[in-house]
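Q: Protein sequence lines correspond, in order, to chains A and B.
According to the working numbering, the first sequence is numbered sequentially starting from 1.
According to the working numbering, the second sequence is numbered sequentially starting from 1001.
Note that these hints are calculated values from the structure, not bench results.
Ideal Cβ placement from N, Cα and C applies to all residues, glycine included.
Treat the hints with care, as some may be off.
[Unchecked claim] Looking from chain B toward chain A, a few residues come up when the C-beta cut is under 10 Å (computed): (1) Ser1272; (2) Thr1627; (3) Asn1679.
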Amino acid sequence: MINDFNYLKPDTLKEALAMYAEHDDCKVICGGQSLLIVMRQGMISPEYLLDIKHVTELDYIKFDKKDGLRIGATTTHREIEKFNVIKKNYPVLVSMENKLASIQVRNWGTIGGNLAHADPAGDPAPVLIALKANIRVGGAEGDRTILLEDFFVNYFETALNKGELVLEVHVPPPEPKMGAAYQKFNLLESDMGIVAAAASVTLNDKGKCKDARIVLGNAGATPKRIKRAEELLIGKAYDENLFAEAGKIASEDCEPVADIHASEEHRRHLLGVLTKRMLKKAWEKARS
Amino acid sequence: MDGLQIIGKRIPKRDAPQKVTGSAVYIQDLKIPGMLYGKILYSKYPHARILKLDTSKAEKLPGVRAVVTATDIPATFRIGVMKDNPPLKTGKVLSTRDEIVAIAATTPEIAEEALSLIDVEYEELPGIFDPLEAMKEGAPLIHEEMKSNVLKMPWKLVCGDVEAAKKESAFIVEDTFSTPWVTHCCLGTSGCIAQFDTNNNLTMYSNTQIPSLAQNDYIDALAAFGLKNKRVRIVQSVIGGGFGSKLDTYAYEYIAILLARKTRKPVKIIFSREEEFFATSPRQCTITKISHGCDKEGKLTFREIDMILDNGAYTSWGATTPSVMMMPISSLYKVPNIKYVAKCVYTNNTYSQAMRGYGNPQATFAIESSLDQLAEKAGIDPYELRLKNANEPGEITPQHFKITSCGMKECIDEVVKRLNWKEKKGKGGNRGVGMASLIHVGGGARVYKSDGCGTIIKMDDFGKVDVFTGSTDIGQGSETIIAQIVAEVLGISIDDVNVVNNDTDVCPWDVGAHASRTTFVAGNSALGAAKKIKAQILEVAAKLLEEDPASLDIKNGVVFSTKNNEKNTPLGKALRKLHYTAGGKMLMAEYFYDPANENFDKEFKGNLSVSYAYGAHGVEVEVDKETGQVKILNYIAAHDVGKAINPLLLEGQIYGGGLQGIGYALGEKMIYEKGRLMNGNFLDYKMPTAKDVPPVQAVIIESDEQDGPFGAKGIGEPGLVPTAPAIANAIYDAVGVRIKDLPITPEKILKALKEKEGSTK
Ligand SMILES: Cc1cc2nc3c(=O)[nH]c(=O)nc-3n(C[C@H](O)[C@H](O)[C@H](O)COP(=O)(O)OP(=O)(O)OC[C@H]3O[C@@H](n4cnc5c(N)ncnc54)[C@H](O)[C@@H]3O)c2cc1C
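Chain A extracted, bound-state conformation:
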């Protein structure tokens, strides 16, 4: 049962940050799609809820060829999924969002809330990290921008300081000859992933790998880059054996834990398979 709480409803970002600084034992609520679950389970019972859903300043999607993509924190999953410019320039984001929960959840849940919740099984983070995204956070004292991969600290723990909100996600402009792919493994369509893998591959003029990223979901406490496998790919030509080798490294370097849904061994195996498949898919997209 959800505890009684005081409800704070700021209309501007400034107000929000001031209220957030002022109140101890205050939790931010946006779409509530994750927060309400933990509150209902009695895992947290904050005295104040700061509802930032009405802070329209944070509800935007901007794209500029030079600057890339900027998504405000209160933008819903559904808005991202429906945005044509994203569909065109970052199709992997749309296909990821398509399989995130149900339309009902996507209509409420926001990108800021998703990232701040820091569930290692969250879908957006691995994809955004594979796209080299940054995250802008800020409090009453000012903003700072950090790499998204540095934002995640532990299970459900981020680099946000007290009084700081997630403000924006920034994705650099798409590079030419870059492809990205993402897949989660689950039993039910659009369920949270048992594990997931995102890959991005950028090719040089000769069709060799110039840059690659492999980011795994639910493979440890935070989204997990497999740098050893990324390095292996640099300078190499398309080769299925290479993908298999990268998959093998991924299954070695990941740090999944067993739970009721899958053993650690099974997770490692799946992460290897998904890494291999996503690399191949990303590479093929980069070529086309």
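Got chain A sorted already, so can you dock chain B with the ligand onto it with the hints?
A: Leaving out everything else, chain B with the ligand in the frame of chain A:
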């Protein structure tokens, strides 16, 4: 059948608009002035001794109106089929769903807070969570007074001579299969409101699927609580799904009664989703050892099954599912020699109940998986083996079932044709096809002394009809079906038929919404009542029109002479005439239908149902050998339903059942670790959703059942009975591994593939 106006039509469920718009009143929505909220404290441990119980702090919390414990009930009062379950426990607790204290308070929040103020001191005892452990010599006794952990319900069916048949069989297979606990996942959780009047008569607002039997249970309880000879009225709210979960009365209902009595106020208890998961009774898990034989030609010679069921700590109807399992075991295909023994074993786990299929899915999983193994051993296509042994009309099965209509072969043929079986079987490429058949009761099931249902029909002043039926609509659409039947007989629009099915004060008696019996039994009852009142109407109209009743009929609400159409009167007019005449009368008819089926005799033989429903499911799957993921490419569900009174609703039953079966096959499982449910929420319990529906073709075979209303048989449960084995068989065809333990998860498939590779190297 010619000239049918309403029967056989695709009529949307009548209550759909209310449900879609949110105006339907579920038990959750219902409020009664002065109502209090009840909450239950459950045991912290699966097996423990309660050393100390202190409720004083909870009692002092403002807003708390009553606290009840075991001391508020007579010590001998027990519920359940075996009377082994006190609604509030004292001394020893035997499972994590054991109720210890209950609170009534002015708000749910206060009640919840009060629970947290209760102080219980336990001495944890070692638990038994595995029925095989519990059966061992010297295992600690769950119920000491029972002297054994094996329930005193000796299930045993013997037909013919299995030992002799084994000697004569050309091929024999033997294996062990197991199934997990799965839960109904009703969107409407369990709940009730208990209210006493000043004379201590009880009204129970409830979402039970057995109003008449529940009424009986409560009357017994009231007597035990010192309120002898009291009246009990059950008022059912709109029910958000039953699937068998609401087929018994549970501790929480008696607790609500106790709290209402103590406070003199209505008390509402509604299960949270978490309670619905851990404190309701799931489908029982089974371990089934099965052996099958056939002769050189593939004619089945015998079937032998040894089964163990985890009974959990107490006994509800789950323990009696072996009686229904006997049906597929003895009578699915022609098998002359049968032996079946089942034991239900007490453990410190949750206790089970009825769930759609009532044991049939577990038994059919073992039977139909084993049959594929036998077909392979005998070198016969599994489809041919099935066809060769298929049931037929006129057959009397070893358990003494009299098979009337039977469309089993047609169902099998449809599956084969629509799946393109002959092209696809054994073709490899990680794709495969599989099938399985089913038998289920289709004409009631005489599990109690009566299998009856009553109907009352009364005509109003305007030619409209009120139908009072004993049957319960748990979402399956019985209200619509009954309205169709009555409207068809009376020649009126279905909109002119009002069905009242939720109040024991006005509705006749019925044994409940179970055993796929409602269309058949309540339908026949409604049919009988409608015919009776039609005869009365025609008699009245005959006087008015000066015509012989035999030459009158009703169409579109007008009584007319079949000889001379000019001679007619609108129904309402005839009725008003009847009411507004000195010495007038009203028209009302009642009919009680109790099918001519039989209780089992001492050997568990007898014609359980007056007709049997058949079906066959076929599936094409693709298995990802690297991940173990199974994808359903095509699903055919062919069902012999006698006659589809409403194909739209019928397909709904098939789709819904099929998807529930797919969940059972591929993902659903209540994960218990040492008596504790680990996945009691919809995030962790993997129930398929709308997005997981594969391409399903529902194929309706109409065999025109002689005893059915307009030829219909039951369809409530069959939709999920053969699903799991059909999928298991298809997976075997695709990648050559057989998973014998549901659910068939990717991890199990990969492990089996690995073992297979290892053994062929
Ligand atoms: C049924 C269901 C299925 C789901 N399936 C998936 C899935 O498949 N994949 C997936 O990735 N996710 C899934 N989710 C989770 C969901 O996508 C996100 O976690 C959700 O979108 C979070 O956004 P929100 O706005 O609802 O956050 P809220 O629930 O409001 O908040 C979540 C957390 O973030 C904090 N927070 C919110 N906004 C900010 C901010 N701007 N700055 C700082 N802190 C903030 C809150 O304090 C809280 O701790 C599912 C959720 C549900 C209910």
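Q: Would you mind marking each hint as holding or not holding in the structure?
A: Do the hints match the structure? See the list:
1. Ser1272: At about 8 Å, which falls below the 10 Å cut-off, the nearest Cβ of chain A leaves the hint on Ser1272 (chain B) intact, so it holds.
2. Thr1627: holds, 6 Å
3. Asn1679: Since chain A brings a Cβ to about 6 Å from Asn1679 (chain B), closer than 10 Å, the hint holds.
In terms of the numbered hints stated before, the structure departs from none.
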